[in-house]
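Given the sequences, and given the hints that come with them, work out the whole structure.
Each chain, written out:
2 protein chains.
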Amino acid sequence: MKNFFQVTAPDDVIAMANDFSPVKMEKIPLNQAHGRVLGMDFISPEDLPGFTRATMDGYAVKASSTFGASESGPAFLTIAGSVTMGDVPGFSVGPGQAARISTGAMLPDGTDAVVMIEHTQVLDDTTIEAYKSVAPGQHVILSNEDIARDQPALTAGTDIRSQEVGLLAALGCEAVTVFKKPVVSIISTGDEIVAVGQPLPPGKIRDVNAYTLAGFVTDAGGEPVCLGIVEDDFDKMLAVCRQALSQSDMVLISGGSSMGTRDLTVQVLAALPDTEVLVHGISISPGKPTILARAGNQPFWGLPGQITSAMVAFTAVVRPFVDRLAGRTRHRREAFRLSARLTRNVASVQGRVDYVRVRLEKRDDGLWAEPILGKSGLISTMVKADGLVAIGMHVEGMEKGDPVDVIAL
Amino acid sequence: MKNFFQVTAPDDVIAMANDFSPVKMEKIPLNQAHGRVLGMDFISPEDLPGFTRATMDGYAVKASSTFGASESGPAFLTIAGSVTMGDVPGFSVGPGQAARISTGAMLPDGTDAVVMIEHTQVLDDTTIEAYKSVAPGQHVILSNEDIARDQPALTAGTDIRSQEVGLLAALGCEAVTVFKKPVVSIISTGDEIVAVGQPLPPGKIRDVNAYTLAGFVTDAGGEPVCLGIVEDDFDKMLAVCRQALSQSDMVLISGGSSMGTRDLTVQVLAALPDTEVLVHGISISPGKPTILARAGNQPFWGLPGQITSAMVAFTAVVRPFVDRLAGRTRHRREAFRLSARLTRNVASVQGRVDYVRVRLEKRDDGLWAEPILGKSGLISTMVKADGLVAIGMHVEGMEKGDPVDVIAL
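Sequence order for the protein chains is B and R.
Okay, so the first sequence: first residue is 482 according to this note's numbering, each after it adds one.
Okay, so the second sequence: first residue is 482 according to this note's numbering, each after it adds one.
You can trust all of the hints, since none of them are fake.
No copy is singled out in the list; a pair is fine if it fits within one copy or between any two copies.
Derived EDC-like pairs: lysine to aspartate or glutamate, alpha-carbon spacing no greater than 16 Å straight-line:
(1) Lys843 to Asp886
(2) Lys865 to Asp640
(3) Lys661 to Glu507
Simulated from the structure, these hints should not be mistaken for lab results.
Source: prediction; values computed, not measured.
Next comes the structure, spelled out in C-alpha cells:
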C-alpha cells in the first residue's frame with residue numbers, strides 16, 4: 482500500500498514541461514492583445530518618438546547659447562519663433578536665438594536643448610533672458626531615444642501588459658502576433674459527482690472541480706473548456722478523453738479520490754494511442770495522487786478529486802505547463818513571490834514539499850504569513866488564504882518568525 | 482507659474498474615493514463570476530459537506546472502540562459493512578464494530594472517526610485488527626465543518642477568485658449577485674494626436690493613451706469604453722464629455738501636456754451641470770498635472786498627456802477609485818506589495834511622492850529593485866519595469882540597500 486506510488490519530486494515534474502511545445506500563433510488586433518503572450522520579437526519599424534521633442538514648456542535653444550548663464554549674468558536670447566505640439570517648425574534657430582516651445586513639441590533646426598520657462602524672463606516681444614545654462618539634450622527626448630528603428634522593441638514570449646500595448650500603439654502596430662491561448666479541457670469524474678444545478682442526493686457532492694479549475698486555467702492565461710461529469714465507466718471515459726484530446730492542448734481530469742477511479746484513468750491512458758504515463762504520484766502535500774501523462778504532444782493530468790488538493794497541485798506543477806504551452810518565457814510571477822515571516826511554527830514531513838495555506842497580514846515591521854487552521858480538505862481554508870507557502874522537501878518544519886516565500890492564490 | 486497648481490497630497494485624493502458610491506449590482510451565472518466582486522453577503526443555504534465524510538481510506542468506527550489500541554495490543558473489530566463514495570450506508574455500526582470506508586464516503590450511523598487502512602490488518606472476512614487508537618473526529622470532516630448553514634460564507638465586496646467560485650459551486654449557487662463592472666470612458670484630446678491606424682505626419686504622435694489606459698482599467702476590474710480622439714475645441718470636447726458622462730461610471734480624459742488643453746478641460750468641466758473641480762494638481766511625480774472633478778456622482782479625471790505620467794497617476798490615485806466604484810472592500814493588492822531592497826541610491830524631492838520605475842531581481846539574499854535609467858517620458862522605461870517604488874513625501878531620497886515596497890505594474 483505505502484509503495485503504491487513511485488512518487489516524483491515536483492521540480493522534476495516541472496522540468497518535463499520543456500518536453501512539450503508551445504501552441505500555434507495567431508495575429509490579433511492590438512486592442513485585444515492585453516493579457517496575451519507575444520509570439521515573435523517585435524522589431525521596431527521606426528524611431529520613437531520619431532522627432533526630437535521638448536519635455537518641458539520653455540525655450541528651444543542651441544545649448545551653447547546658454548553656457549555660463551546665471552542669475553547674475555543671464556544669457557540674452559532673441560526669439561526666432563514659436564512651436565506648439567503637433568507643429569512642424571518652419572524656421573531654424575541660430576546661435577543667440579531661441580524659440581518658444583511647449584511640452585511635446587518638435588525642436589526647430591539648430592536647437593538641441595530646452596531652457597525651462599521658470600528659468601527665463603521676457604524682456605520684450607523679441608528678447609528673453611535665460612538664468613540657467615542647459616546641456617545639449619537637456620529637457621528633450623531625442624528622435625530615437627525611446628526606441629530605435631530596426632531594433633527589437635519587445636521579445637517573443639513577453640507578457641503583453643498595458644504598457645506593452647502602449648508601446649505597440651506608439652509604433653503604429655495595429656495587429657500583433659501572439660501565441661494562441663492554450664485550450665485546456667476539464668473533465669470531472671466519479672459516480673458521486675452531481676452537476677451544480679441538480680438536486681443533491683445524500684452522500685453525493687457537487688461538481689466543484691470543474692468550476693474551480695476553470696478559474697485557475699483562466700488566471701494562467703489558458704482557455705478552459707468544461708466537458709462535464711463522466712461516471713466511472715471505462716468506455717465513457719475513453720470517449721470523453723478522445724474528444725478532449727482532439728479539441729485541446731492539455732487535458733485535466735479530476736475526481737476519484739478513490740483508488741478505483743485512479744486505476745480507471747490509468748487504464749484509459751493505456752488505451753489511448755501514443756500515450757505514456759510520465760508521473761504517477763508527486764511528492765507534494767496535499768496533491769500527492771496526481772498523474773501526468775503525455776498523450777501525443779499534450780500533457781494529460783489526472784488531478785486529485787479533493788478540490789483543495791487539486792488546487793495545490795495546479796499551483797505547484799500544472800501552471801508551469803500552461804506557461805510553457807502559452808509560450809511565456811519570463812515568469813514575472815516568480816519574481817513577484819512575496820517574502821513574509823511565519824506567525825507560528827509549522828510542522829512538515831521530510832521527503833515531500835508541504836504547501837501551507839496562509840493569510841497575509843501587513844504589520845509595521847513587514848509582512849507576516851498566518852497559517853490557516855483547519856483540515857486540508859476544507860475549501861473554506863482556500864477561501865481564507867491569500868497564498869501558499871512551500872515547506873521544502875528536506876525541511877522538518879519551520880519556526881515562528883522564519884522568512885518564507887508566498888505564492889499568491 | 483510655480484503657484485499655478487494648488488496641489489493635493491495623494492493620500493488626500495485617495496480619501497475622496499469614499500465620497501462616491503459603488504455601482505449597481507447584477508445577478509450573473511456562476512461560471513461568469515470569476516474576477517468579479519461579490520455584491521451581497523452570501524449566507525450559506527446548507528451545511529458543507531452536508532454529511533460527515535471520511536478523509537482517508539480505512540475503517541469507520543466509534544472512536545472509543547479503538548481506545549488503548551497499539552502495535553502490541555491491537556483492537557479487534559468486527560466488520561459491519563462497507564461504504565464507498567456517493568453511497569448512503571444502509572446499516573449502523575456498534576461498539577467493537579467497523580465499516581470499510583473510502584475517502585469522501587459518508588460515515589455510517591454510530592461512527593465518529595476513521596482508522597487509516599495503514600494502521601489495520603485484515604484477520605478474516607469479518608474481523609480486523611486496529612493498531613492505533615483514533616480520537617472522535619479524526620480523519621473525518623464533520624457535516625458542517627467546512628461551512629455551516631445560515632452563516633455568511635462570503636462577505637460583500639470580496640474578490641471572487643477561483644476558490645470563491647468553487648465554494649459557491651459547492652453550495653449549489655448557480656447565479657451570484659455581483660457589482661457591475663464600472664464602465665470607464667476614455668477620451669484622448671489634443672490636435673497633435675493621431676489614431677494608431679492613420680499615417681503619422683511629422684511632429685504628431687499616435688494615440689497611445691487610449692490603448693494603455695484601457696488596459697489599466699481592465700486590470701483594475703473596470704470596463705473601458707474608448708470614445709476616440711477629440712481636438713482642442715470647446716464645443717467638441719463638451720459634447721463628448723456629455724456623452725461620456727451619460728454612458729459611464731467614471732471618465733478619464735487624457736492629453737494636453739500643454740497648459741491650453743488643461744485650461745480647456747477646466748472650462749468644459751465648468752460648463753457641465755452639477756460639477757466641481759476637487760483637485761487641480763497632485764503632489765506626485767510624474768503625474769502632477771492631474772485634475773479630479775466630481776460630475777454628478779461620477780469621478781472625472783483629467784490625466785497628463787504624457788503616457789508614462791498618466792500610467793503613474795492611474796496606479797497612484799485612479800485605481801483606488803475604480804476599487805471603490807467596483808464595490809471592493811478588501812484590497813488584496815495592498816497586502817501583496819513586495820518588499821525589496823534598492824540596488825542604487827535614488828534621489829527624490831521633498832514635498833511630493835516620487836514614483837520610481839524598478840525591475841525586480843531575485844538574488845540569493847532576497848528580492849532587489851533595480852531603478853530603471855532613462856528619462857521619465859520614455860514609454861520603454863515602463864516596459865522594462867516590473868513595478869513602482871513610491872519615495873515618500875518627507876524623504877529626500879533613498880540609499881542603496883534600503884528596503885522598499887514595490888507596487889506591481
